[in-house]
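Student: For reference, the chains in residue letters:
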Amino acid sequence: MTAAGIRLDEVAFARADYACLFDMKVPAGALVAVVGPSGAGKSTLLDLIAGFEEPQTGRILIAGRDVTHQPPAARPVSMLFQDNNLFAHLNVADNVSLGISPQLALDADDKARVAAALERVGLDGKAMRLPRQLSGGERQRVALARALVRDRPVLLLDEPFAALGPALRHEMAALVAELRNERDLTVLLVTHEPSDVTGIASHVAFIHEGRIGAFGTPDEVLGGKRNEAVRGYLGLG
Amino acid sequence: MTPARGARAGGLSLSLVVGLTAAAFTALIATAASQAGTMALFTPYVGRVVRFTLLQAAASTVLSVIPALIVARALARRRAFPGRRLTLRLFALPLALPQIVAVLGVVEIWGRQGLVNRAGELFGLGPAIDIYGLTGILIAHVFFNLPLASRLFVSALERVPGESWRLAAQLGFDGRAVWRLIEWPVLKSQLAAVAGLVFMLCVASFTVVLTLGGGPRATTIEVAIYQALRFDFDPGLAVRLALMQLVLTGTLVLAGVRITQTPETAAGLDRRIVRPDGATPLARLIDALAIASALIITVPVFAAILLSGLTAPLVRLALEPDVWQASATSLAIASMAALLAIALAWPLGELAASGGEPAAGRSLRLFGGASQLASSLVLVMPPVVLGAGWFVLLLRVPGGINLGFGVVIVINALMAVPFVTRVLGPAIGESRARHDRLCASLGIGGLARLRLIDWPVLRRPLSVALAFALALSLGDLGAIALFGSEHLVTLPLLLYQRLGSYRVNDAAGLALFLGLLCLAIMALAERTARRDSGI
Chain A
1 MTAAGIRLDE VAFARADYAC LFDMKVPAGA LVAVVGPSGA GKSTLLDLIA
51 GFEEPQTGRI LIAGRDVTHQ PPAARPVSML FQDNNLFAHL NVADNVSLGI
101 SPQLALDADD KARVAAALER VGLDGKAMRL PRQLSGGERQ RVALARALVR
151 DRPVLLLDEP FAALGPALRH EMAALVAELR NERDLTVLLV THEPSDVTGI
201 ASHVAFIHEG RIGAFGTPDE VLGGKRNEAV RGYLGLG
Chain B
238 MTPARGARAG GLSLSLVVGL TAAAFTALIA TAASQAGTMA LFTPYVGRVV
288 RFTLLQAAAS TVLSVIPALI VARALARRRA FPGRRLTLRL FALPLALPQI
338 VAVLGVVEIW GRQGLVNRAG ELFGLGPAID IYGLTGILIA HVFFNLPLAS
388 RLFVSALERV PGESWRLAAQ LGFDGRAVWR LIEWPVLKSQ LAAVAGLVFM
438 LCVASFTVVL TLGGGPRATT IEVAIYQALR FDFDPGLAVR LALMQLVLTG
488 TLVLAGVRIT QTPETAAGLD RRIVRPDGAT PLARLIDALA IASALIITVP
538 VFAAILLSGL TAPLVRLALE PDVWQASATS LAIASMAALL AIALAWPLGE
588 LAASGGEPAA GRSLRLFGGA SQLASSLVLV MPPVVLGAGW FVLLLRVPGG
638 INLGFGVVIV INALMAVPFV TRVLGPAIGE SRARHDRLCA SLGIGGLARL
688 RLIDWPVLRR PLSVALAFAL ALSLGDLGAI ALFGSEHLVT LPLLLYQRLG
738 SYRVNDAAGL ALFLGLLCLA IMALAERTAR RDSGI
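One line per chain: the protein sequences are A and B, in this order.
Going by my numbering, the first residue of the first sequence is number 1, and it counts up by one from there.
Going by my numbering, the first residue of the second sequence is number 238, and it counts up by one from there.
Hints may be right or wrong, so weigh each one.
Derived lysine-lysine pairs resembling DSS-like cross-links, with alpha carbons at most 30 Å apart [to be verified]:
#, chain 1, residue 1, chain 2, residue 2
1, A, K126, A, K111
2, A, K111, B, K425
3, A, K225, A, K25
4, A, K126, B, K425
If you're looking for bench data, these hints aren't it; they were derived computationally from the structure.
Can you make the complete structure from the sequences, with help from the hints?
Tutor: This is how it looks when you write it as structure tokens:
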């Protein structure tokens with residue numbers, strides 16, 4: 001798979017008490033840490049790319065193709081949420097299989113792919129478990145495995161590790177970074193803890209009051225020459 | 238209240254609830270035992286009545302719950318349907334109305350002179366539907382329970398996390414996959430509870446069967462108890478029937494059926510949900526048909542109550558001393574029953590709350606569990622069975638049957654205790670969990686605590702509970718049918734008497750008055766509750 005760049009071209013979106021305007025260009029194969037205060041529009045940015053929200057004006061292009069009015073399933077995108085990524089009554093294997101067929105109609109090849117994906121995220125042997133029998137980190141790994149079998153070039157993660165402890169968070173971040181390298185993915189990862197993604201992020205997008213406040217390498221955005229809003233967000237005055 | 242005093246008050250009301258129920262139960266057993274030699278427990282008549290009770294309950298459950306699945310799915314996924322919120326509110330009405338009022342509306346539509354049969358005659362079909370008998374009982378039970386079951390299912394579907402719908406959109410679920418992977422699992426998990434609830438309500442159905450059934454062919458246990466006591470004057474038969482009913486309801490309660498579930502009105506929550514399904518013409522057609530049929534079953538009945546009530550001789554009724562007398566009796570009984578219900582349920586709630594605390598001693602914990610048991614005990618003893626027990630007990634007391642007024646209050650209060658506990662219990666528990674340690678450290682106790690801390694927090698749940706109990710008692714026909722007399726007539730009984738003497742116009746006027754009274758009380762309570770939760 002070749003990596004896919006993402007372009008948000010003057011994308012405007014508003015609801016009753018909330019408006020945002022995003023314009024940004026994510027290079028193919030980047031791993032972008034999306035940071036910023038609560039309510040700034042981080043999740044809305046991801047929802048727009050995934051197709052859960054449709055912009056009032058502007059265009060969204062993925063790998064050069066206009067996806068602005070495509071339904072979520074037709075976009076080359078997989079998304080992980082903070083919670084409720086799995087259907088509670090389905091076992092691990094079935095939850096992953098949904099990434100291949102919503103009717104759970106799998107042939108032998110498909111089943112092998114599911115098994116391989118589970119092995120890749122370190123869950124071999126747990127295929128028959130139910131989500132409630134797994135830890136929080138394991139549940140997120142199942143969701144990652146499903147993203148692997150869906151095989152879409154863009155992976156969006158909306159605070160996927162917020163409920164995990166520090167050690168697990170770093171482990172999961174490392175796994176995401178590895179998968180990105182193996183599969184040539186373009187990754188956007190929303191986080192409240194910039195330190196979670198230090199070392200793995202190629203870029204940082206700082207969202208501020210519904211806009212892209214800063215976009216660049218981690219050093220450019222969070223380092224010595226950071227802008228005032230970023231300094232306020234980091235608590236550095 | 239100090240913990241010790243609280244536990245004493247709780248213990249007192251626990252023994253009252255248990256004592257009042259146990260007295261009825263003991264009277265039943267004693268009467269049965271004293272006549273044990275002379276008769277068999279299970280005569281062909283009793284067998285027939287039990288069979289009919291179960292049959293009509295099972296049929297009512299199937300006819301209410303299975304269509305409710307489709308109606309609920311339609312309402313849950315047509316979030317843009319402009320009448321959605323109104324429909325859900327309408328669906329709460331049948332249960333808020335006194336049953337006798339709703340039955341009158343059902344007769345206006347489905348009865349011999351009703352809309353349906355007159356339309357049938359117009360097309361030369363003749364009177365197609367006979368409302369008296371199994372058909373009428375099923376129609377009325379569906380009228381009550383289809384909307385209830387639909388509301389319970391809708392609120393279950395609305396608890397599906399938003400992420401599930403987004404996942405469905407992302408993974409490309411079609412309508413079939415949404416049904417199989419999201420809707421059906423949720424509905425299935427509620428199916429047993431909802432079906433159990435509806436079955437229980439139909440097994441213990443009194444008013445519907447009394448007015449639309451009756452006769453040897455269509456009598457449930459509860460109505461048979463009433464007939465045995467009031468017409469055949471056969472306490473022995475009543476006792477045997479009451480014991481059968483106890484076995485039935487006891488089995489259901491043991492099986493985990495609860496009748497105190499109150500549907501949550503999550504209808505107001507307008508979180509944006511992207512649903513990938515339901516856009517096909519077939520899906521639209523199914524949903525439109527489902528919602529329309531549910532409305533056709535409910536709306537005309539409400540309209541009939543309103544219209545025939547408005548065309549009733551309202552002025553004449555308003556000037557009748559009998560009507561004034563019945564209204565005064567109804568209000569007196571209902572307000573005393575409601576206050577008694579709260580007086581019993583409040584300490585029970587305190588007790589349950591202290592029993593749940595980690596620091597609670599063993600005896601306190603035991604008590605806490607017992608107070609929850611007390612509510613289930615009331616569920617096992619439906620009002621008519623409770624009444625039957627008290628009836629045979631009072632037969633032994635000279636002049637005892639004149640105590641009807643008090644007994645009806647007590648039975649109505651006990652009926653309301655599970656519902657009141659259900660509203661008050663969580664509020665008391667939460668208030669105690671939040672304030673106990675703070676009050677202890679600040680030394681706030683006794684009346685000061687009641688006035689400053691508990692009253693402001695509990696005022697609203699209390700008024701909701703009070704309204705519940707009032708409406709329940711105002712609409713009750715079970716206890717008053719047993720203990721009513723020339724001198725003791727409530728509004729529902731007066732309505733029933735006028736219906737029985739074919740003064741249908743009078744009945745319609747009274748039904749409108751009684752219905753509006755109950756709805757006004759419930760609406761007031763609902764408004765208080767909503768202001769409380771800040772929605």
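Student: Just pull the numbers of the violated hints for me, sorted ascending.
Tutor: When the structure is compared with the hints, none of them turns out to be violated.
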